[in-house]
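J.: In the order they appear, the protein sequences are chains A and B. Following the numbering used here, the numbering of the first sequence begins with 1 at its first residue and continues without gaps. Following the numbering used here, the numbering of the second sequence begins with 1 at its first residue and continues without gaps.
None of these hints come from the bench; they were simulated from the model. If you're wondering where the values come from, they're calculated on a predicted model, not measured in any experiment. A couple of the hints might just be wrong.
Unchecked claim - Below, computed lysine-lysine pairings styled on DSS-like, alpha-carbon distance capped at 30 Å: (1) A/Lys-110 <-> B/Lys-41; (2) B/Lys-36 <-> A/Lys-49; (3) A/Lys-3 <-> B/Lys-116.
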Amino acid sequence: MDKALMNLMQNYFPLSKNPYQDIAEKIGITGEEVISRLEKLCESGVIRKVGAIPSARKIGFASTLAAVSVPFGKTDEIAEIINKYQGVTHNYLREGNPNIWFTLTEPNQKILEQRLNEIESKINYKIIRLPAKKIFKIGVKFDIK
Amino acid sequence: MAVLIEVQQLPLVSNPFTEIANRLNMDEKKILTICKDLLSKGFIRRFGLSLNHRKVGIIANLMVAAKVPKDQIDEAGSTVAAEKEVSHCYYRTGWYYNLFFMIHSVSKKDVVISAKEIVEKIGIGDYRFIFSTKEFKKTSFKVPHQSDKRGDY
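Chain B with its partners taken away, still in its complex shape (with noise of 0.2 Å):
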């Protein structure tokens, strides 16, 4: 767990690596090691940058909200995760609709002509589009360090 703390962010150095082997006292090639296997065992989901995406002009984002019945959930969630707009898709209880997919672009118009595209092809009438509008937070999420404070734990 204090390589997976320690890789999330990747120190803008030649040999980063080699920093993080020293930050924890390891073997760098150890250090490397562990992460392959953190990403074949999928505790890492990759590696690579994380972009906040409304700064390279991707200001259209659109959540789709649809009500599929539960036993076309598999079928349907598969081909609109199959889309390459698509970049999250779930199957969600405890609301009305059940089937959440969220799609960018650069344009309003662009992404509703994709998501109709798209609840078109699931066969679903039944759907809800829903703009975000403002952005109060967005952030990754963090392994925390042992030493950081959260609440009551």
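This is chain A alone, in the form it adopts within the complex (with noise of 0.2 Å):
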């Protein structure tokens, strides 16, 4: 019933009065089970939140992919630096050369510059900037089997 349940809210949220029995009522189940299993599901980590995913871009947010290479006995180090600015919103080891790899959004494109300059001097190591010039997709629709 959760996968059930969050496959379903993964795009469906009614803009309604009582928006959990309307979700309810299309598994069958009742309107105090659905939010009582989203509440076990938030508390165990297995969803972030419910509610408005905000499109950062149309807001007028600016962000950029970044890249950076470091030395391999030095990422934890370097992300934790990384991960202290808040408009950071992903950031992953990968393999290979660049291995840290992070996102970052921020009002503008001038604090956002500015941040990654910022960023950079802290440490101490090349940024790779890989703005998006175009989107073809985003979002994400996982299906729960």
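Can you join these two chains into the complex? Each is in its own frame, and there are hints to help.
T.: Given below as structure tokens:
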């Protein structure tokens, strides 16, 4: 039932007075059960949140993918410095070089640039900026089996 | 903007929008109208839940970086975007590779098979598969409250 609920709710949330009740009716459980299941899924960290997913770009925020080549033994330390910035939404260690890949979103292009320069001087490694020139797809709908 | 900030995280109560309306001292109908408007204009991409995909068994996350001739970018990007397993696809500048997409699945073997099919479909031989080996951070973008202090703005 959790799976059915999560598959449905990735793209469905009625803008109504009783949204959880409306969701419940679609999968044949009660509104209370939907809420209690969502509470548990949030507590266990399976769900990060329920709500609106804003489009940073549309709101006028600027973002970029960024990549850094860091010696192997220093990756955790460098990632920790990068993660301190609130505008960093994703940060991964990846195979090959560059090996640290993060995304940075800031209120505008100017602040984005400043922030990248600031991070660069703090970590002391060159940051490759990979801004998106065109978005072909954005939106994750996972098929949970 | 106040409405958008509040509805980013909805309370798990029977009438979440009533609660938001009370918080903002606004009419619930007005809140719902604003939400529909933000959605139709694209300021809100969708309403629903944000999953921690690693916790639902989707542990193989592959980024593919491909070098696509500039005049073929639009066609290649659209082809890639149409694939079900692909979650994100962008044309990016700044590096040797310029078309980036993400594929997620339950196993590394599955994503590699899908990725190979996709690069073959767009006819690109110059690409790199870049698996993530560790997640340092993964959060949702959130429009901050005015009171939130984020550095120097």
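J.: Are the hints correct? Go through all of them and say.
T.: Structure-based check of all given hints:
no., hint, result
1, A/Lys-110 <-> B/Lys-41, "holds, 25 Å"
2, B/Lys-36 <-> A/Lys-49, "holds, 19 Å"
3, A/Lys-3 <-> B/Lys-116, "holds, 29 Å"
Against the hints set out earlier in the document, no violation occurs for any number.
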